[in-house]
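Q: Here are the chains, one letter per residue:
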Amino acid sequence: MYSIVVENIYMLVIVTLISVLQNAFFALKVEKECRSVNPNAAAFERVSCANRNCMDSYPTFLAVMWCAGLCLSQAPASFAGVIYLVVRQKYFVGYMGQTSQSTPGYLFGKRVLFFLFLMCIVGIFNYLLVRFCSSDYKEYVETITSAASALLLLP
Amino acid sequence: MYSIVVENIYMLVIVTLISVLQNAFFALKVEKECRSVNPNAAAFERVSCANRNCMDSYPTFLAVMWCAGLCLSQAPASFAGVIYLVVRQKYFVGYMGQTSQSTPGYLFGKRVLFFLFLMCIVGIFNYLLVRFCSSDYKEYVETITSAASALLLLP
Amino acid sequence: MYSIVVENIYMLVIVTLISVLQNAFFALKVEKECRSVNPNAAAFERVSCANRNCMDSYPTFLAVMWCAGLCLSQAPASFAGVIYLVVRQKYFVGYMGQTSQSTPGYLFGKRVLFFLFLMCIVGIFNYLLVRFCSSDYKEYVETITSAASALLLLP
Numbered sequence: 021m022y023s024i025v026v027e028n029i030y031m032l033v034i035v036t037l038i039s040v041l042q043n044a045f046f047a048l049k050v051e052k053e054c055r056s057v058n059p060n061a062a063a064f065e066r067v068s069c070a071n072r073n074c075m076d077s078y079p080t081f082l083a084v085m086w087c088a089g090l091c092l093s094q095a096p097a098s099f100a101g102v103i104y105l106v107v108r109q110k111y112f113v114g115y116m117g118q119t120s121q122s123t124p125g126y127l128f129g130k131r132v133l134f135f136l137f138l139m140c141i142v143g144i145f146n147y148l149l150v151r152f153c154s155s156d157y158k159e160y161v162e163t164i165t166s167a168a169s170a171l172l173l174l175p
Numbered sequence: 021m022y023s024i025v026v027e028n029i030y031m032l033v034i035v036t037l038i039s040v041l042q043n044a045f046f047a048l049k050v051e052k053e054c055r056s057v058n059p060n061a062a063a064f065e066r067v068s069c070a071n072r073n074c075m076d077s078y079p080t081f082l083a084v085m086w087c088a089g090l091c092l093s094q095a096p097a098s099f100a101g102v103i104y105l106v107v108r109q110k111y112f113v114g115y116m117g118q119t120s121q122s123t124p125g126y127l128f129g130k131r132v133l134f135f136l137f138l139m140c141i142v143g144i145f146n147y148l149l150v151r152f153c154s155s156d157y158k159e160y161v162e163t164i165t166s167a168a169s170a171l172l173l174l175p
Numbered sequence: 021m022y023s024i025v026v027e028n029i030y031m032l033v034i035v036t037l038i039s040v041l042q043n044a045f046f047a048l049k050v051e052k053e054c055r056s057v058n059p060n061a062a063a064f065e066r067v068s069c070a071n072r073n074c075m076d077s078y079p080t081f082l083a084v085m086w087c088a089g090l091c092l093s094q095a096p097a098s099f100a101g102v103i104y105l106v107v108r109q110k111y112f113v114g115y116m117g118q119t120s121q122s123t124p125g126y127l128f129g130k131r132v133l134f135f136l137f138l139m140c141i142v143g144i145f146n147y148l149l150v151r152f153c154s155s156d157y158k159e160y161v162e163t164i165t166s167a168a169s170a171l172l173l174l175p
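Here the protein sequences come in this chain order: A, B and C. The opening residue of the first sequence carries number 21 in our numbering; numbering runs sequentially from there. The opening residue of the second sequence carries number 21 in our numbering; numbering runs sequentially from there. The opening residue of the third sequence carries number 21 in our numbering; numbering runs sequentially from there.
Possibly wrong hints are sitting among the right ones.
All copies of an identical chain are treated as equivalent in the list; a pair is satisfied when it fits inside any one copy or across any two copies.
Said to hold, decoys possible - Capping the alpha-carbon separation at 20 Å, the derived lysine to any residue pairs in SDA-like fashion look like this: (1) 110 / 68; (2) 110 / 64; (3) 49 / 72; (4) 49 / 134; (5) 158 / 34; (6) 49 / 131; (7) 130 / 173; (8) 130 / 102; (9) 52 / 115; (10) 52 / 109; (11) 130 / 54; (12) 130 / 47; (13) 52 / 130.
The hints are simulated quantities; they were obtained by calculation from the structure and are not laboratory data. What you are looking at is a predicted structure, and each value in this text was computed from that prediction instead of being measured.
Start from the sequences and build out the full structure, keeping to the hints where you can.
A: Quick look at the structure:
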């Protein structure tokens, strides 16, 4: 039981751990700004806002990534998760920049979340096909998904 | 392995996907208000506050719904989840209204969360009964839960 | 299927339920302060801020606890979860105190989260050892983890 479960989720767990490390990094940034000797209200406000925006979308990201990984295949889901974390890091660093042009708005990572969302839908659809039509396209779908996840690397 | 897992969670995954869509809708509302040509501080504050309240309780909702679905039965848990999403939509729209009377306070969906919470407790209790007394009431409990979930439709 | 799943997660579910109760307690405190007859902006700001800090780290906590419980062993993970909840309660109550000295900063529960994080890494590492070297240290690791979790009780 134990090995079967871990075999199917270990990549997702690794990405989750990386995201937790990143959360800790964000929280330390806020903590540091909060306790700095020369308090800078604008800088604190900016860091705190970036952190809040990141945290707001964190449960959504976790839920979509785990659903995609459980319903379809963990490798593309974890890959998309890593890309989301890179995008989030860029967003956070960009938010802390001085110019307002570097602020990338309220939303970020839409493309990655959309990809994970599609993976979930394909997985559910495939399950319903298996159940009601007895036709299993899971292997084809997994191959296509793995190939499509490479498209996320495009800028 | 794959089919067994998906069979037991696919309804929960569907509700989670709907909730993610709703989150995206809320985030787009905030984004739109943030970038509007005629910035309206009060409107932005209201939308942002409604979004924050919704996001604050989102992890709690997800955790309770998945626990209830895994411990007892996925159909009533998903049904309660859909009702929670409807309540949340009403809350968000009500928050954006002009009059303060339409603002439904800080908390919402208490009844649905309480129902899901009860489902978890019943599921755990039933498991302990199976383990220590070898008496399985799961089928009765599932029937009662499915019937009781209809009570959530009452206004 | 049902019993096997619940057997491996029931302690985690119980801790999750307790954390949900605590969230409800925090939310009621905010609600009460929000609707009090003599509105006290400072008190409301403090309660609201404590609640937000707690909610910010809630998904991280849930993710790490569940990963640790699934990858290694549920008993130490649940124990660490309970300790985290105690720390969070102290933090929230301390935040509401009058003096600023009782405010324990932005971060809390770092030690517990770090312990759970280590548990995840050990679990993943053990899985990879099983897979590639066919050497299973899971029983030793579980014993050591259970013993180490007692160290969290140190002040």
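Q: Give a verdict on every hint.
A: Hints, one by one, checked against the model:
no., hint, result
1, 110 / 68, "within (16 Å within a copy, 23 Å between copies)"
2, 110 / 64, "within (18 Å within a copy, 25 Å between copies)"
3, 49 / 72, "both (12 Å within a copy, 17 Å between copies)"
4, 49 / 134, "between (29 Å within a copy, 18 Å between copies)"
5, 158 / 34, "between (24 Å within a copy, 18 Å between copies)"
6, 49 / 131, "between (27 Å within a copy, 18 Å between copies)"
7, 130 / 173, "within (14 Å within a copy, 34 Å between copies)"
8, 130 / 102, "within (14 Å within a copy, 24 Å between copies)"
9, 52 / 115, "both (16 Å within a copy, 19 Å between copies)"
10, 52 / 109, "within (18 Å within a copy, 23 Å between copies)"
11, 130 / 54, "between (30 Å within a copy, 17 Å between copies)"
12, 130 / 47, "between (23 Å within a copy, 11 Å between copies)"
13, 52 / 130, "between (29 Å within a copy, 15 Å between copies)"
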